[in-house]
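Taking the hints into account, I'd like the entire structure generated from these sequences.
First residue of the sequence shown? That's 1 in UniProt numbering, and the numbers climb one at a time after it.
Keep in mind that the hints were calculated from the coordinates and are not lab data.
Just so we're clear, the structure is a prediction, and the values are computed from it rather than from any experiment.
Watch out, some of these pointers could steer you wrong.
[Said to hold, decoys possible] What follows is a list of derived Cβ distance ranges for each label pair:
#1 Leu-20 to Val-375: 51 to 59 angstroms
#2 Arg-109 to Thr-244: 21 to 29 angstroms
#3 Thr-244 to Glu-53: 40 to 48 angstroms
#4 Ile-66 to Trp-13: 20 to 28 angstroms
#5 Gly-119 to Thr-390: 31 to 39 angstroms
By construction, the Cβ of each residue, glycine as well, lies at the ideal position given by its N, Cα and C atoms.
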Amino acid sequence: MNASIITWLTQRWRLLLVILTPLVLLPLPILINNPQGRCGYVVIILSIYWITEAIPLPVTSLLPLILFPMAGVLTAEVVAPHYFKDIIALFFGSMAFGYAVESVNLHRRIALFVLSWVGTGTKWIMAGLMGATAFLSMWINNTASTSIMLPVTLAIVDELSVYNKNSLDRRQRFLLAIAYSSSIGGLSSLVGTTPNIYLKGFIDSHISDGTVAIFCGILPLILPDSNPFNRRHDWKYEPIVKWTSLVQNISWGAIILLGAGLSLASAFQTSMLSESVAKALGFISNMPQAAAIIIIVVISGFFTEVTSNLSTATIFFPVLDSVATSSGIHPAFLILPCTLAVSLAFMLPIATPPNAIVFASGAIRVIDMIKTGIVMNLIGFLVIFLVANTWMPKIFDLNDQTTAIFLNMTTRTI
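In structure tokens form, the structure reads like this:
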């Protein structure tokens with residue numbers, strides 16, 4: 001009898017989880033009958049579905065279009081545009097450009113070049129790919145660098161698989177390595193990731209990363225695949241990449257996934273749930289500086305797993321500015337560590353586009369990303385904490401509260 005019950009539950013656990021999760025959490029919006037409670041209710045449901053993969057991730061990612069309007073948090077007219085905002089254009093353009101690189105086998109050329117420099121040892125190959133990805137992410141968007149390096153990495157892993165058939169674990173390790181390297185590399189320069197730019201105050205309102213990515217992604221769909229000025233009489237116009245081929249190779253599910261993350265960020269702000277989270281941090285003003293820094297790093301680092309890094313920065317920066325001012329310390333003591341921590345999105349596919357790109361390859365499960373990502377998060381938190389309490393104050397002269405190294409974030413809007 002017990003065995004049959006276990007078998008029955010094993011076969012139907014996904015369906016039971018999908019049905020029971022909203023019912024078990026139903027007291028939350030009933031007891032907290034305001035937009036914040038209802039938003040929290042929807043966010044928890046979506047997070048459980050995403051983590052357990054009880055239903056396919058793209059299907060879960062479409063639920064904000066239903067749940068937020070039904071909960072009265074956002075209207076459908078507000079939710080829908082998030083599924084093709086500028087960052088989605090960046091994501092699509094980067095994936096299109098990555099497929100163009102793959103379609104002409106340029107990625108294999110790059111793979112051979114990397115192998116010629118680092119040798120054939122698995123560890124050295126991974127180190128070479130991670131270094132190349134991190135270096136690219138210092139100067140171009142993390143999404144673009146991951147899209148460029150993904151086909152290169154897959155090509156190298158495929159070559160290694162010829163000699164070792166047990167390649168699934170290796171494929172997972174390599175893909176996570178380039179995703180994490182792009183996020184880490186983006187921390188190293190002002191232009192590497194959006195929160196760094198936001199902190200400095202340089203935001204171009206006309207030409208964005210999405211504009212450039214779409215331009216690069218569309219070019220292979222327009223440019224001919226052979227020289228139109230040759231003397232061949234049988235020349236026929238064919239683009240480098242055909243639209244039909246691109247449609248079949250783009251991961252539309254990952255695009256929907258990213259759109260859901262943006263709609264969550266909007267719901268956090270519109271429902272004022274973000275302000276409640278921020279106000280809960282008021283206790284930090286009474287804590288020692290080192291303790292306040294580690295708490296800010298941990299909270300912002302985990303918070304960015306369920307919303308975009310820019311949204312997290314937008315939520316936390318004004319609050320940290322006021323908390324630091326009331327505590328009598330330079331705001332940069334809290335804001336700079338937070339800026340770095342919000343880019344440590346290693347645990348979920350929705351956390352950042354590089355994670356979504358490697359997840360779209362189909363070789364990684366959410367649980368694999370969580371198990372690896374939490375270790376990466378903890379290491380990153382420790383490094384940021386050490387930096388914030390050692391050479392960062394010396395570099396920026398933060399012991400002098402009049403030092404102006406960035407704009408007052410309370411006056412900035414996006």
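Consistency of beta-carbon spacing, Thr-244 to Arg-109, with hint 21 to 29 angstroms: holds (25 angstroms)
Determine whether the Cβ-Cβ distance between Thr-244 and Glu-53 falls within the hinted range of 40 to 48 angstroms. Given a distance of about 30 angstroms, which is not inside 40 to 48 angstroms, the answer is violated.
Starting from the hint 31 to 39 angstroms, judge whether the C-beta atoms of Gly-119 and Thr-390 obey it. holds (35 angstroms)
Indicate whether the distance between the beta carbons of Ile-66 and Trp-13 respects the range 20 to 28 angstroms. 23 angstroms Cβ-Cβ, so the 20 to 28 angstroms window holds.
That 51 to 59 angstroms hint for Leu-20 and Val-375 (C-beta), does it hold up? At roughly 31 angstroms between Cβ atoms, Val-375 and Leu-20 fall outside 51 to 59 angstroms, so the hint is violated.
Checked against the numbered hints above, the structure breaks hints 1, 3 and satisfies the rest.
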